[in-house]
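Asks: The lines below spell out each chain.
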Amino acid sequence: MSSRSVFLARSQPMRLVIALPFLWLGVFFLLPLGLVLGIALGTNSPDSVPPVELGVDLASFRLLFTDDLYLAAWLSSLRIAAISTAVTLLLGYPMAYAIARAAPRRRPLLLMLVMLPFWTSFLIRIYAWMGLLSENGILNQVLRGSGLVADPGTILGTEWAIYLGIVYAYLPFMVLPLYAALEKLDWSLLEAASDLGARPSTAFLTVTLPLSLPGIVAGCLLVFIPAVGEFVIPDLLGGTQTLMIGKVLWDEFFTNSDWPLASAVAICLLVLLVGPILLFQRQQQRSLERRS
Amino acid sequence: MSGRVGVAATVLAFGYAFLYLPIALVIAYSFNESRLVTVWAGFSLKWWKALLQNEAMLDAAWLSLRIALVSATFATLLGLAAGYVLARVPRFRGRTLFAGLVVAPMVMPEVVMGISMLLLFVGSDRLLGGPERGFLTITIAHVTFSLTFVAIVVQARLADFDRSLEEAAMDLGATPWTTFLTVTLPMIAPALASGWLLAFTLSLDDLILTQFVAGAQSQTLPMRVYSSVRLGVDPQINVLATIVVAIAAGALVTSAWLTRKRD
Chain V
64 MSSRSVFLAR SQPMRLVIAL PFLWLGVFFL LPLGLVLGIA LGTNSPDSVP
114 PVELGVDLAS FRLLFTDDLY LAAWLSSLRI AAISTAVTLL LGYPMAYAIA
164 RAAPRRRPLL LMLVMLPFWT SFLIRIYAWM GLLSENGILN QVLRGSGLVA
214 DPGTILGTEW AIYLGIVYAY LPFMVLPLYA ALEKLDWSLL EAASDLGARP
264 STAFLTVTLP LSLPGIVAGC LLVFIPAVGE FVIPDLLGGT QTLMIGKVLW
314 DEFFTNSDWP LASAVAICLL VLLVGPILLF QRQQQRSLER RS
Chain P
957 MSGRVGVAAT VLAFGYAFLY LPIALVIAYS FNESRLVTVW AGFSLKWWKA
1007 LLQNEAMLDA AWLSLRIALV SATFATLLGL AAGYVLARVP RFRGRTLFAG
1057 LVVAPMVMPE VVMGISMLLL FVGSDRLLGG PERGFLTITI AHVTFSLTFV
1107 AIVVQARLAD FDRSLEEAAM DLGATPWTTF LTVTLPMIAP ALASGWLLAF
1157 TLSLDDLILT QFVAGAQSQT LPMRVYSSVR LGVDPQINVL ATIVVAIAAG
1207 ALVTSAWLTR KRD
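Going down the list, the sequences are from chains V and P.
Here the first sequence stands for residues 64 to 355, numbered as in our numbering.
Here the second sequence stands for residues 957 to 1219, numbered as in our numbering.
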């Protein structure tokens, strides 16, 4: 079988099938990343078009690691992404668990209901929270109307709104891999555990949790990685005082036209995420190999 | 046992309420008389009329649709090739790099991909004199990040089928090409369809990558929505949201119904 595969790989049409996506991704994905590094090493020159002078200068990187503003942006991005991922896991795990344990004929519908928001626009889902969280928004009207809180304050424009937005937008990405892991779980193992005298909490911690670990890792990475570089959510829901690194990159590029600095931010973001990204890729590959 | 069912039902009810309440409110307020999307002033269709006469918004929607159609089609072709290679060609020079490149766009922060592709187009503009930023550059960018998703769907589908059917066809004298067309392709057709739909949706929804590579003249629907939403809430966006949700729900229900019929 493998000799046939090798034969296949050497055949002329198969070479083309390999070469096309390879070339495409090389030209439109790999090469651009190289360009980002090249520009990051250049210097900003506002008067030329494009506003960059090529060279080898680490000034942009130095600025990123010495200026308090940028350091604060890195730290708050990591903090916000980590906390939001944890909250999404706490909310998503019980949901995935409940779906995996529901009657088999109900599961497709329950899963579809998790997927549906993902198929609608990301931007519009974030927009939905703007009307809910603003000063005279629906949430505050309900709070005032109920008489519980006279002056509820405003959530829109605070870090809380960013947490809420990330958890809301990325919840489906957490639930789906968790469900995939829990659905395959052999539930008779839990019965065995309880027959042997394990309490439900012990059985969960020693059987269910370890066996669903691949789903937990995949789900957390699918939330954490995009959340670190998130731009739309902090821009629309967060205030001016919350800095996130994706927004810094955007502003340096579009508002300040400092291409080298924006490129340096991109390179640092990549270096920061290269660990999680490789972890995700390896896991993805392993789970596919297990299936075949 | 009934206690546990109760807990599960509560968990799901809470989760789905969290997912759907904001969307439901957006839909409700698209029929609101008032300009303020937070105050209910009676039923009205005036924002629906306003949106349907909003030329800029309609132009943007048309541009987005064309880009999504073209980019989803190319992404499906390239993703089919990439997914096939990953599932069926275990060894060739550069396979590790190939596998890495195929999955990477899925987890690459969008701002990073955006700035890198813009730099590529700026560079090619200086060296080769093109392409002009607009339809073509947006389409290329969308193909690049959505082919990943198609490849993963195709690879997963192929991994579910063992090779014996394809090998039987070849043992009976079918050429690799005939085997692909008559055995492999029908097997993975559903995966291709859902991959295309995924690529189409991703393209239609993309804001960040598009904003980087779009240039001054082209405005896609998400770009229009974004610039309008930045200024605050706008009832016309509520109308647009209602239409998008209706289309997504319709498509999902139809595809679920088709799958069930086939089973």
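Watch out, some of these pointers could steer you wrong.
[Unchecked claim] FRET-style restraints, in silico, Cβ to Cβ:
| hint | chain 1 | residue 1 | chain 2 | residue 2 | range |
| --- | --- | --- | --- | --- | --- |
| 1 | P | I1199 | V | R207 | 27 to 35 Å |
| 2 | V | P263 | P | L1137 | 29 to 37 Å |
| 3 | P | E1011 | V | P109 | 55 to 63 Å |
| 4 | V | V90 | P | L1137 | 41 to 49 Å |
| 5 | P | K1002 | V | R125 | 49 to 57 Å |
| 6 | P | I1199 | V | D130 | 30 to 38 Å |
| 7 | V | F267 | P | L1014 | 26 to 34 Å |
| 8 | P | L1021 | V | L83 | 45 to 53 Å |
[To be verified] Far from chain V by the CB rule (all over 10 Å, computed), these chain P residues:
| hint | residue |
| --- | --- |
| 9 | L1001 |
| 10 | F1054 |
| 11 | V1078 |
| 12 | T1138 |
| 13 | Q1173 |
[What the hints assert, rightly or not] Where chain P lies over chain V, by a calculated footprint (3+ residues, C-beta under 8 Å):
| hint | stretch |
| --- | --- |
| 14 | 74 to 81 |
| 15 | 125 to 138 |
| 16 | 157 to 165 |
| 17 | 219 to 228 |
| 18 | 243 to 251 |
In case anyone wonders, no lab produced these hints; they're calculated from the structure.
Since the model is a prediction, treat every value here as computed from it, not as a measurement.
Positions of the beta carbon are idealized from the N, C-alpha and C atoms, including for glycine.
Asks: Are the hints correct? Go through all of them and say.
Replies: Going through the hints against the structure:
no. : hint                            : verdict
1   : P:I1199 with V:R207: 27 to 35 Å : 32 Å, holds
2   : V:P263 with P:L1137: 29 to 37 Å : 53 Å, violated
3   : P:E1011 with V:P109: 55 to 63 Å : 36 Å, violated
4   : V:V90 with P:L1137: 41 to 49 Å  : 29 Å, violated
5   : P:K1002 with V:R125: 49 to 57 Å : 56 Å, holds
6   : P:I1199 with V:D130: 30 to 38 Å : 45 Å, violated
7   : V:F267 with P:L1014: 26 to 34 Å : 53 Å, violated
8   : P:L1021 with V:L83: 45 to 53 Å  : 26 Å, violated
9   : L1001                           : 19 Å, holds
10  : F1054                           : 6 Å, violated
11  : V1078                           : 5 Å, violated
12  : T1138                           : 16 Å, holds
13  : Q1173                           : 17 Å, holds
14  : 74 to 81                        : holds (count 5)
15  : 125 to 138                      : violated (count 0)
16  : 157 to 165                      : holds (count 7)
17  : 219 to 228                      : violated (count 0)
18  : 243 to 251                      : violated (count 0)
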